[in-house]
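Enquirer: Take the sequences, apply the hints, and build the full model.
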Amino acid sequence: MTTYEQRCRVLLKAFPDQYRTERGDEIVGVLLDTGRAEQRWPSLRTAADLVAGGLRVRARLTSQGRSSVAVIDGLRLAALVGLCVQAAFAVAMVSHRAHDGRLFYAPSNAWSTGALDVLAAAWVVAFVLVVADRSRLAIIPAVLASTWSVILVVSNFVGNLDGAVTSVILLGVEITLLGVVPTLALLVASTRRSRTSGRPSVLWLAALVGLTALFSVLHTGIGTSRNGGRQLSWPSSGGLVSFLSWVCLAALLAMLLASLFDPRFGVAVIVVALPIIVYQVGLLVTVDSKPAWPVVVAISAFATTAAIAVSTAISLRHLRLD
Amino acid sequence: MKRESSEIREPTFLILTALAAGTLHGYAIIQHVETLSAGRVTLRPGTLYGALDRLAESGLVVVDGEGVEQGRFRRYYKLTGAGAEVLAGEAERLAANVRHAHARLAMRPAGG
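As given, the protein sequences belong to chains A and B, one line each in that order.
10 is the number of the first residue of the first sequence in this note's numbering; add one for each residue after it.
-4 is the number of the first residue of the second sequence in this note's numbering; add one for each residue after it.
There's no promise every hint is true.
Said to hold, decoys possible - Pair by pair, the computed Cβ-Cβ distance ranges are: (1) A:L266 - B:A16: 39 to 49 Å; (2) B:V58 - A:Q15: 22 to 32 Å; (3) A:A57 - B:Q26: 19 to 29 Å; (4) B:A16 - A:L283: 52 to 62 Å; (5) A:L283 - B:T37: 38 to 48 Å; (6) B:G54 - A:T156: 46 to 56 Å; (7) A:Q15 - B:E61: 22 to 32 Å.
Claimed, not checked - Sample of chain A residues with no beta-carbon within 12 Å of chain B, all distances over it, derived: (8) T55; (9) L64; (10) V66; (11) L138; (12) V140; (13) T156; (14) V159; (15) V167; (16) I279; (17) I286.
Rather than coming from a laboratory, the hints here were simulated on the basis of the structure.
By construction, the Cβ of each residue, glycine as well, lies at the ideal position given by its N, Cα and C atoms.
Expert: Here is the structure:
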């Protein structure tokens, strides 16, 4: 096998395994025919054409079947990712309470403090049930936790009517939306049968987003604690904030790239990124909560918006193929 | 989804045209398309096989044998009856366009 052929075969990895098994030798034969005798590298145009062709085949194979099935699977994936984030937040909040004594975005009273354990347990149970492919059963704890979250964040907002909207309230709204939106996705998805139930290949993504959320909340918890729970602090040493922002963007980007091969990821990006946009835009527009890192937040908001737009375009294109 | 003949893009039209005269393998299709388009359309493998997959799914072309030729694995493709109908329809549509264009050009005032 020549160096040129070896390099062509590397490019063929853009195609799905099964397709490569069936057509790989045939395509390589054409590449050898069209290449020059002394050629060592495929031309840039040929390389781009092969990669684009591989991605198109992947998209077509994935979207074979009805569009609605892909949308339902995307909603299910969004629910998985969202509930993973919620479970991570819940664990972080419980650990935060250990040194602050209350739920940081809820009113400071006994009933909201007691609510934390119920909330945390409900989100963790809902996530575990979705992972275990018991989505319909997961609706019960997810709806309970969503309702409880809304009550907490609304009561905090009512308690702060005299003051401006703080970044703590905004974060509470975002956390609540990050739970409510996936719960709604779960409710819609449960009405239809999934074609990829229990598919484990998406779990790495949920784990990545969950890990990001966990670190974010632990960091936020420390900042909130320093400010008496009224205002989030953005530490002067911005390394961690910056790092986490980039990790969040990397997670979104990973989903975005995955949506090129699989329309379900596009649907999931749209659903998961919407609450994040609400928070980021809120941070940028509220008067009293200007973060010390507006550029980072602005970039993040722009990237999230772009991710939603691109995902929408990609998903629509995928789904039109049916 | 089966494409209507009016939606056929030029590379697809040229592939169908190349196959109209008989069975061809992938590299031969690329050569014929280049010749038919006077060098204007150069198909690359990713584009060619994407088009062949779509045409096969639409029932316009089928695989008609395979084998090894000069150390290369070849798969041969041929036009189906449905493919010939679609090609004929598209050719008629384009021919009508050409006739209309010539007729309109003939009506053009001299010196205008």
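Enquirer: If a hint holds in the structure, say so; if it doesn't, say that too.
Expert: Results of checking the hints against the structure:
no.: 1; hint: A:L266 - B:A16: 39 to 49 Å; in the structure: holds, 43 Å
no.: 2; hint: B:V58 - A:Q15: 22 to 32 Å; in the structure: holds, 27 Å
no.: 3; hint: A:A57 - B:Q26: 19 to 29 Å; in the structure: holds, 22 Å
no.: 4; hint: B:A16 - A:L283: 52 to 62 Å; in the structure: holds, 55 Å
no.: 5; hint: A:L283 - B:T37: 38 to 48 Å; in the structure: holds, 44 Å
no.: 6; hint: B:G54 - A:T156: 46 to 56 Å; in the structure: holds, 53 Å
no.: 7; hint: A:Q15 - B:E61: 22 to 32 Å; in the structure: holds, 23 Å
no.: 8; hint: T55; in the structure: violated, 6 Å
no.: 9; hint: L64; in the structure: violated, 9 Å
no.: 10; hint: V66; in the structure: violated, 7 Å
no.: 11; hint: L138; in the structure: holds, 38 Å
no.: 12; hint: V140; in the structure: holds, 36 Å
no.: 13; hint: T156; in the structure: holds, 43 Å
no.: 14; hint: V159; in the structure: holds, 43 Å
no.: 15; hint: V167; in the structure: holds, 53 Å
no.: 16; hint: I279; in the structure: holds, 24 Å
no.: 17; hint: I286; in the structure: holds, 34 Å
In summary, the structure is inconsistent with hints 8, 9 and 10 from the numbered list given earlier, while agreeing with the others.
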